[in-house]
Structures are given as structure tokens and as C-alpha cells.
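K.L.:
Given next are the chains, with one letter for each unit.
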Amino acid sequence: MKQASYSLIDFLKDPDFRDWVKHPDEAQDIYWQQFQELHPDKKPVLEQARQYVLVLAEQTAQDKPSMAESQLMRQTIQQRIHETTIPFTPSVAYNWSWTRIAASVVLVLGLGITAYWYSQNEKQPQGYQRFIQSAPQGTALSETRNNDTKPLTIFLSDGSSVVLQPGSRLSYPNTLTKREVYLTGKAFFEVVKDPANPFLVYTRGVATKVLGTSFSIDAPETNQPIKVAVKTGKVAVYSLDETTSLYPESTDSEQNSLVLTPNQSAEYVADSHHLVRKTDTVSTFLQPGTLIVAKQSFDFDETPVSDVFRTLEKAYGIDIVYNESALGKCSLTASLVGQPFHEKLSAVCKALDAHYSIQGNQVVITGGQRCQ
Amino acid sequence: MASLPTFWIHSTDQQLWQGLCEGDDAALTAIFDRYHVTLYNYGRKLSSDSDLIKDAVQEVFIDIWRMRATLSREITSIKFYLYRALRRRLQRIQGKYQLGEDIQEIYDDETTLTVINEETVQIEEESRDLLRRRLQELLTQLPKRQVEALTLYYYDDFGIREIAQIMDVNEKSVRNFLHRGLKALRHNRNWLIGSLLILLFLINQ
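Chains as they are written, first to last, in this note's numbering: chain F, 1 to 372; chain U, 373 to 577.
Bound conformation, chain F alone (with noise of 0.2 Å):
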């Protein structure tokens, strides 16, 4: 065997010894177990090169996009090879390309909007131009519907995630310099920490101001009154008019703006541009028709990963593969209430050795340590 006066840098530069560290099979673990064997004072020395593979392919591996930026890398790609009448052009400077989409987005989104106006033929609620207004310049703009019958959840740029119920609607800018977004129905918000740069989510008749919480938000088009409802953290509702002041710390009396607490919701009335604390007997995530999502309290003690995943799957509408054989007897013990989507997968996958990504509409999670 060549390995016999291999030394710690000779082990790590033969790729067949890489090989069987990142991918070990029946017939490597033979002929290394043969080896250590025939050279047991070459044990330490290999076992020590072992940890060096390992780490060296993590250290090297710590460079990934996130999520947000794979998703918009992704929505780029597809968007631009359907514009079949550019023609090819080799790119010279190199942020070309992004202003060229940036621009195409406005513009698209632009024309979806005067087409919404004209369509309402109305005045737009006072949120909505409260949203538009503070939005800065040349920021572009997504709306996603849902127009499924099952909830479908969003992925913010800053890492918040929003599932919104079917015939929902929300508008927010691809990229969140500003935290800003604009709902019309129902959804449940989870809410990247970070206080320097407040969430702020603009409906009909409110806007809601967080800190990195979860809530859910009740927002239909008409004029029936508009809901929201705090699960952690602490929320300020503030209803909207001309005159509304979001960001001094408001001296408005308590009928313009109340602060949430979890488990308190408050509700607006349009009529009288009212909001009401309400005292609820029965807590808002408890009753009927409310999404899974917000329903769930995430609370797992020793629960067996499958079950895990299947929960996320199911509050999130999202389709989890992983290795069944290999991390179906792992369990976890974790509190993961309101915290966003990805947040809550790094969780679960920093338990499991293991790392995800998200595939179209799937999360694919591969690594991992098997359990007996």
C-alpha cells in the first residue's frame, strides 16, 4: 500500500483518500479499514487528516448565496430568456445587465398598476398611496396573488417570510432597502428581527409597525373591518390618514394607534376610522378558518425529524425531500414560534449536521448525520 509512509499533507492530497472521507463507501471503508490495520501508527495521522477534509470542504463551502438572492438570480434568469427580441449582446460592464431588469420590472409593474387603477375607478385607498409614496425612488415592485386554493408562502428579501391565503394579495420591492409592504386579504407574517429597521405593513386603512415578531393581518378590499393579531413580539396598529405620523413616536390619541401585545388583536373600523382593542375569549389563532401556520406553535420536544418536516410542510405549503432512511430516526427539540421560514429551517438543519435549498418550490435538504 502506497499510504505506508504517507504524511499528513500526503494523505490530503491524494484524492482517493478525499473521496473516501466526503463519500465513503462499502468498498473505501474496506481498504481503509485494511489499512489502518496493517499501519495502526499511521491511525492518528489519518484520522487527523480526516477532520482536515472535513473542515477544509466546510471552510471552503461558507460562500453561498441566500435564499432571497438565489430566488432573485433565478426569477432573472427566467425572465430574461423569455425576451426573445433582445438580441445577443455580449455584456461589456458588468452592472449593465441589472439595471437593464431593474428597469424592465418598473416598467412591467408600472402598467400593472394603471391598469388596476383604472380597473377600480376609484380613489386608491389611503394605505396604498402611503406605500407607493414612501417607497424610494426607481424601487421595483412585485404583487403576488394567490390565486390557488392553498396558502402560499412568500420569501422576502431580508429573510421575513409571509403566507398569504388564497385570493390574498401582497405588493413589496424585490429588494427591501425600506421594510415596506402592502397587503389586501389575509396573511401571517414572520418577521426578521432588526429594530434599526422597522417592518411596516400598509393595508386599506392601517398600517402596522413591527420589530421582528409573527402576526396576522385580516385586510379585505371592502369595507368590512380590517384585523390584526399578534402571536410574539409586539406590534403598533396605526390607522391611516392624511395627517398620520408613523415614525415620531406617536402622540396620537388612543383611538389612532394601539400597541399589540401577543394574543391581543385589534380591529379598524372603516366607517368611523376607529381602532378597537378587542378582548377575545378565544384566541384569533384558535378559531376556524385561521391558517396552519398560525395555528401552529412550532414547540417540538423529541419529535422524530419526519413529523418535523411534515409540520413545516404543511404550515408553509412548501414539499420538504430529504434522505428518510438516513435522518427519518433523528428527533428535535427546539421552539421555533415566529420565526421565519428560513430561519426555522437553518435551525433544524444546524441540529441535523445537515444544509438546505430551496428548489423551486421545494426545499431540498442534503448532509446530514444518520440516526440510529
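By construction, these hints were calculated from the structure, which means they are not laboratory data. Please note that a few of the clues may not be correct.
Calculated pairs, DSS-like style, for lysine-lysine (alpha carbon to alpha carbon, straight line, at most 27 Å) [stated by the list, open to error]:
hint: 1; chain 1: U; residue 1: K451; chain 2: F; residue 2: K13
hint: 2; chain 1: F; residue 1: K22; chain 2: U; residue 2: K555
hint: 3; chain 1: U; residue 1: K555; chain 2: F; residue 2: K43
hint: 4; chain 1: F; residue 1: K209; chain 2: F; residue 2: K178
hint: 5; chain 1: F; residue 1: K150; chain 2: U; residue 2: K555
hint: 6; chain 1: U; residue 1: K451; chain 2: F; residue 2: K22
hint: 7; chain 1: F; residue 1: K234; chain 2: F; residue 2: K278
hint: 8; chain 1: U; residue 1: K544; chain 2: U; residue 2: K516
hint: 9; chain 1: F; residue 1: K43; chain 2: F; residue 2: K150
hint: 10; chain 1: F; residue 1: K42; chain 2: U; residue 2: K555
hint: 11; chain 1: F; residue 1: K13; chain 2: U; residue 2: K544
hint: 12; chain 1: F; residue 1: K2; chain 2: F; residue 2: K43
hint: 13; chain 1: U; residue 1: K555; chain 2: F; residue 2: K178
Please build the complex by placing chain U on the supplied structure of chain F, with the hints as guidance.
P.N.:
Just chain U now, with coordinates in the frame of chain F:
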């Protein structure tokens, strides 16, 4: 957001490539989903400008779509193809990025470096955690091309010959990059203690 026909997810590279050549955009998306994360990770070893890398990664995929009619239908490794394409693209658009042979690095011949004597090197038990921290720091200090070679070899599982073709150097240079990187890793084990001492010294000033 278009969703992916599930049958592509478990397809082989060869099947995906066929699909791409036949103009199936879902195949392109599947290729993107399969390889863009590692490709981007590799790109970031060539430049720390993440917008530049995102853009270049996108262009690589858009390019293979536009050129699908002229691509050879047989491909041994899509991953290899994408990596080489990304590096060439970056080389083209980033004039300042020096990709020629680095004289100083070529100067050391491999034979003169293989002098680490097993007896003089103690095998200490080193925790994975310590090794991890040490390596994290080292990777920020090594020359870019050594980090690039280490990434392609240890993370991306490429062979020496493929790495040489991706990096556009000969195989001996690749071995050299790897060797120098590993040697630095082997020799900076006292780095942590050293830097702690310096820190203490500074605090005491």
C-alpha cells in the same frame, strides 16, 4: 414563480443537458437549481463583489440557453462546464483580475517543498472546533489562487486535471497551489496562541 416539473429533479446531468439542447426551459431551471449555489460559492473565491458574481452566474446560465442550439449534446460534466465558463467570464470582464502565472508561486518546485518530516511533526489532538477557527482565519490570508484551488479540490471534488483546465494553468501549478495552501495550514497552528498574545500585549499598553 414557475414551479419545476418534478421529473427533472432526479434526472441525470446527461438528461438535463439533452432537455436544455431541445429548448426545454424547465431543464435550464433544474440545472440552475442543481449547480448555482456551489458555482456562486466558487465565484466568491474569485471576487468579493457579490453583485458582480451574481450577475456573472446569471449570465453563464443565460448564455447556455442562448447557445443551446450550438452546444454539443454530449457532456461529461455540466458542473465542470459551468465553472470554466464562469471563470472565463470573470476573467474577461474584470481586467484587473490577474490570471497569468504568478512567478513567485511557480518558482517553488514541488520537490523542494515536500520536506515535512513526520518525526518532527507532532500529531497533536486538535479539536474540530479549533481547526475550524484556524482555517477560517487562514483562508482570509492565503493568496486567492490557493483558496480557489483548495475550494475546487476539497469542496467541489474536482480532480487536479479538471482544476488545471478551470483555472487555465498546468497541473503542476495546481499541485503547487494546493501544497502551499496545505503547508500554510500545517504551519500556522500556533497562530491562535500568537494572536492572543499580541492582543494581550496591546491591551496592556
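K.L.:
Compare the structure with each hint and give your call.
P.N.:
Cross-check of the supplied hints:
no.: 1; hint: U:K451 <-> F:K13; verdict: 22 Å, holds
no.: 2; hint: F:K22 <-> U:K555; verdict: 21 Å, holds
no.: 3; hint: U:K555 <-> F:K43; verdict: 21 Å, holds
no.: 4; hint: F:K209 <-> F:K178; verdict: 12 Å, holds
no.: 5; hint: F:K150 <-> U:K555; verdict: 56 Å, violated
no.: 6; hint: U:K451 <-> F:K22; verdict: 18 Å, holds
no.: 7; hint: F:K234 <-> F:K278; verdict: 15 Å, holds
no.: 8; hint: U:K544 <-> U:K516; verdict: 17 Å, holds
no.: 9; hint: F:K43 <-> F:K150; verdict: 56 Å, violated
no.: 10; hint: F:K42 <-> U:K555; verdict: 19 Å, holds
no.: 11; hint: F:K13 <-> U:K544; verdict: 13 Å, holds
no.: 12; hint: F:K2 <-> F:K43; verdict: 15 Å, holds
no.: 13; hint: U:K555 <-> F:K178; verdict: 47 Å, violated
Hint compliance for this structure: hints 5, 9 and 13 are not met, and every other hint is.
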